[in-house]
Amino acid sequence: MATATAGAESTTTRTGFQVSKLFPSYLTGAILAVVGYFAGYYLIKSFVGPHLLAGTGTVPGNEPGDTYNFTEQALLWGFIFMAAGWFIGVGALKYVFTWLLGMKDPDHAEEMKLAGKDDGWIRYFRFTTDHKVVGIQYLVLVSLMLAVGGLLAMMIRTELIFPGARAFPTETYNTIVTMHGLLMIMATISMFIGPFGNFIVPIMIGARDMAFPRLNALSFAFLLISMAIFAFIPFVDMGQAGGAGGGVQTGWTLYGPLADQTGSGIIPLAVSVILAGVSSMLGAVNLITTVMAMRAPGMTYTRLPMFVWGIIASAILSALATSSFTVDLVMILLDRVYKTGFFIASTGGNATGVYLIGSNPMPGNGQTIPIGGNAWLSQNLFWFFGHPEVYLIVLPAFGWVMEVLPVFARKPLFGYKTGILGIMGVTVLSFLVWMHHEFVSGFLPELRGFYMATTEMISIPTGLVFLVAIGTLWRGKLWMTVPMLFALSFVWNFLIGGLTGVYLSDVPADIQLHGGMFVTAHFHFTFVGGALFGFFGAVYYWMPKMTGRMMDERLGQIAFWGMNIGFNVAFLSMLYVGLQGMPRRVADYDPAFATANFITSIFAYLLAASIVLYFYNIIVSWIAGEKAEANPWGAKTLEWQIPTPVPLENFEEIPVVTSGPYDYGEPVTAGSSTGAPGVQVAG
Amino acid sequence: MDASLEHGHAEAGASHVSHVDDDQKVRIGMFLYVVTDILFALFLLISYLFLRANNTQGAWFPAGVPTLGGVQGIALLEAILLVVSGIAFIVAHVGVRGDNQTLTRIGVVIAALGWLVALIVQFYFAGHLPFVTTNGAFASIYITLTGYHLYHLLFAAPMMIGLTVRSLQGRYTAARHLGITTVGYFWYWAVILGIIIWLLPIVLPPQL
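Line order of the protein sequences matches chains A and B. Okay, so the first sequence: first residue is 55 according to the working numbering, each after it adds one. Okay, so the second sequence: first residue is 423 according to the working numbering, each after it adds one.
In case anyone wonders, no lab produced these hints; they're calculated from the structure. Hints may be right or wrong, so weigh each one.
[Stated by the list, open to error] In the EDC-like style, the derived pairs of lysine to aspartate or glutamate whose C-alpha atoms are separated by at most 20 Å in a straight line are: (1) A/K75 to A/E165; (2) A/K167 to A/E706; (3) A/K148 to A/D161; (4) A/K75 to A/D172; (5) A/K531 to A/D717; (6) A/K158 to B/D445; (7) A/K171 to A/D159; (8) A/K681 to A/E607; (9) A/K158 to B/D444; (10) A/K158 to A/D172; (11) B/K447 to A/E607; (12) B/K447 to A/D159; (13) B/K447 to A/E165; (14) A/K148 to A/E164; (15) B/K447 to A/D161; (16) A/K681 to A/D560; (17) A/K99 to A/E126; (18) A/K148 to A/E165.
Please read these numbers as outputs of a predicted model, since none were measured by experiment.
So here's chain A without its partners, still in its complex pose (with noise of 0.2 Å):
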C-alpha cells in the first residue's frame, strides 16, 4: 500500500499560474455570458419587439395604440444569448469547429493537455475533461446549490414557526417554496451523478476516463450556466398586466395554467430547469455509455459494483424521463411568450400573439378568443418525469448504501443479484405509477385503481432492497464509521419514507391526504433522511480518495445525530399535522396546528445547524486534515486499490478483474492490514 502512495506524488507534476490560462476559462465565459443576455434582452426590447409593432401595415390586425409587453420574450431570448455566449466563452464549441472544417483531430496530448495536465489550480475553473476534476467541480456546485435550497427551507420554517405569516409576504413566500422546490430536486437529482457519478464510476469499472470527456464537461458547464440563471428568479418584476410581479408562485410543480399566469420569475426559471435537464440527460448518456463500452476486462455485469447499478438506473431513467419535463417547460415558455394554447382554454382583453417569423396576422384585440387549452396536459406531461425523477434521485442512494454495507459489516453483500433485481425493478416500476399524483385531478378517474395497484407493487422491489440491506448486516462484524451510520439511518429513514407512500397511493387516503402536510413529510423521508443522508455518508467515504484527506470522526458523529434526530423529530411532528389537515403551500395555518409547527421549525433548525456542522467538517478536513492512505476502508473495489491522489490517467495498466466485489471474509492473508480496528482484507 505505502509503495503505491509514494508513487502517485510524482505522477501530479503542477507549475505556476500563467494568465494565458485564463483564455479561455469560466472568467471568459462568465464575461461573454453577461454580454450574450444585453445582446439577446435588447435585440428583442429594442429593435424586434417595436419593429413588430411599428403599425398596421406590418402587423395587420394590430390596432395604432395597441401596447404588447415584449419584456418577457426580451428576458427569454436575453437567457438563450447568455447561454450561448457562455459556451463559447468557456471554449466548449472549438472541437466543434475544428471537426466541420476539417482540420487535424486533437492527439493524446492535445487530449491530456484539456484534461488539465500539468494545470495545477486552475484546472477548476476551465473546461476540463479529465473525470475527477469534473466530479470535484460537480461536488462543490451541488454543495453550493444545497446550501442554497437549505437556506430557503429556513425561512419557510421561519414563516411557519408560529401562525399569522409575519416573516415575509405571502407572495415572497410562495416564490421560496417553489425555488426551494426545484433547486432542491436539481441539487439531489445530481449529487449522486455528478461528483461520485464521474469521478468514481470510471475508476470502479477500471476506465481511464468517461466515454466522452468533452460531452462530460459540457453536461456539467450546462449546470453551471443553468444555475446562474436561476439566481434570476427573485429579481425580474417585469410589472406584468395583472399585478403578478416577479418571482414564481407555482410550487415546484410548475403546473398550467397557473404557470402562465404566475410573475416573470418563470421565465429564468423554465429556461435554468431546461439547460438542467439537458445537463443531466448528457451525463446520463455519457454514463450509459461509459458502463457499457469501457469496462475493464473480466469486469462482467454481475461483477459490477452495486452502486454502479444504481447510477445506471438513474441514468437510464434520466435518459427516458426528462424529455417529458422539458416539453412540459416550453410549453409553459411559448404560452408565456408567444401566447400559445398549450394550457390556456382562453385568452381575453388585448393579449396578442406574437409570431417569430413572417408577418401573419396578430388577432385577438379586445375580445376573448377560445385557445383550447387543457390543464391536465401539463399535469400528465410533468408527473412522467415527476415520479421517475424521484427514483432517479433515490437509486443511486440504493446502490451507495448496498456498496457500503459489506465494507462495514465485513462479509459479502447478502443477494447481489437480488439486489440488482430490486434496483432494476424500480426503474421499470417507476414508469407505471405517475397518474397517482392525479388522483384528485378528476382526469380519468376509472384508471385510479391500476395506478394504486401498480404503486403498491413498487414496495416489491423496493423491499427486495431492504432484504439485502437487513441480510448483509445479519450476524456481520459492524464498524460503526460515519458513513456506515448514515447508511444504516437511510435504511430506517427511507422505511418510513416508503410506508407513508404505501398510504398515499391508496386512493380513499390519498383523497384526504392529498395536498396535505402529510405527503411533504413523507417525500422528504425519502429525499431527504434518504437520499441526501445517503449523499453526506457518500461524501464522507469517499473523500479519501477523492480529496487525500480524511474527515474528522467526532465531528461526522456530532453532525450525524443532530441531522437525525433533528430530521426525525421535526418531520414526524409535520406527519402529525399532515394527518390532522393541515395543508402544504400555504404562509398561515389554523392556531390549531401551532404546537406542531413550533417543534417542526425548532428541531428544522437542529438538522440545518448539523449541516453547516458537516459542510464545516468537510472544509476543514480538506484543508488540514489526517492525510488519507490508499485504501483506510479496507474495501475491495478497484478505486480503492489505485494511489491517492488518483493519477491523471487513473490506471497505469487496465486491471483485469477476476473476482466480485464484495469477497469479504476470506482467510487472512498476512501483511495485509487496513489499521481499521478489528479489520483486515482478504487476500
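Since the structure of chain A is already known, use the hints to place chain B on it.
Same frame as chain A, but now just chain B:
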C-alpha cells in the same frame, strides 16, 4: 501492476494499451442521444393526440381559422427533399463500406445539398403558415412540432458541413467511417420526423 492491486478484487493483467472499442463507444453514445431526441418528439406527438381529444371550449381548431391548404404542399416538398437526402446518405454509407471514394463523395454532397434546400424550404414554410400561435390548440402544437423539425435542421448544420468537408478530404475509408455511420443515426431520424409532420394533418386532421 503495483502491490496494491493484489489486495483487491482485481489482479494485475497483461498490458492493455486500450481495452475500449472506440467505434462501439461512439455508436452507443449517438444511439442514446437519438433515443432522447425521439422521446422529445414523442411527447410532442402525444400532446397533439391529447389536445385533439381533450381540448376545451371546442377550440382545438376554432371556426374561422384558415386550414393548412397549400402549405401542406410545402410540407410534402420538404418530406420529398428529406427522403432524397436520406437515400443519398445511404448511398454514401454503401460507398464508404466498399471503399468507393467517388460514390461516398457523391452521396454525402447530395445528402448535404438536400439538407440545405430542406432548411430553406422549412423557413419558407414557417413564414407562410396561415395561422398564428393564438389560433387554438392545433395551431399551438403544430407550430411547435414544425419548430422542432426546424431545430433538427439547424442542429444538422455542423454535421452536414463537417461530413462534406471531411469526405472531400478523403478521410472516410472502409476501415474508418464512424462519422458517416453515427451522423446517419441522427439524420435518418430527422427524415422520419419530416415525413411524420407531413402525414400528421392527413392522418389526424385538424378538423374534428
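Q: Take a quick look at whether A/K158 and A/D172 sit within 20 Å of each other, Cα to Cα.
A: Measuring from Cα to Cα gives roughly 23 Å; hence the hint is violated.
Q: Verify the proposed pairing of A/K75 with A/D172, using a straight-line Cα cut of 20 Å.
A: 11 Å, holds
Q.
Run the distance test for A/K167 versus A/E706: straight-line Cα separation, threshold 20 Å.
A. 18 Å, holds
Q. Is A/K681 close enough to A/E607, meaning Cα to Cα at most 20 Å?
A. 13 Å, holds
Q: For the pair we were handed, A/K148 and A/E164, check the Cα-Cα distance against 20 Å.
A: With a Cα-Cα distance of about 13 Å, the restraint between A/K148 and A/E164 holds, given a limit of 20 Å.
Q | 20 Å Cα cutoff - pair B/K447, A/D159 | A | Measuring from Cα to Cα gives roughly 17 Å; hence the hint holds.
Q. Is A/K99 close enough to A/E126, meaning Cα to Cα at most 20 Å?
A. 9 Å, holds
Q.
Run the distance test for A/K171 versus A/D159: straight-line Cα separation, threshold 20 Å.
A. With a Cα-Cα distance of about 19 Å, the restraint between A/K171 and A/D159 holds, given a limit of 20 Å.
(Q) Check the hint pairing A/K531 with A/D717 against an upper bound of 20 Å on the C-alpha distance. (A) Given pair A/K531, A/D717 holds - Cα atoms ~15 Å apart, limit 20 Å.
Q) CA of B/K447 to CA of A/E607, is that 20 Å or under? A) Violated - the C-alpha atoms of A/E607 and B/K447 are around 41 Å apart, more than 20 Å.
Q: Compare the distance between the alpha carbons of A/K681 and A/D560 with 20 Å, and conclude whether the hinted pair is satisfied.
A: Violated, at about 52 Å.
Q) When you check the alpha-carbon spacing of A/K148 and A/D161, does it fall within 20 Å? A) This hinted pair holds, its Cα atoms lying about 15 Å apart.
Comparing the model with each earlier hint shows violations of hints 10, 11 and 16; every other hint is respected.
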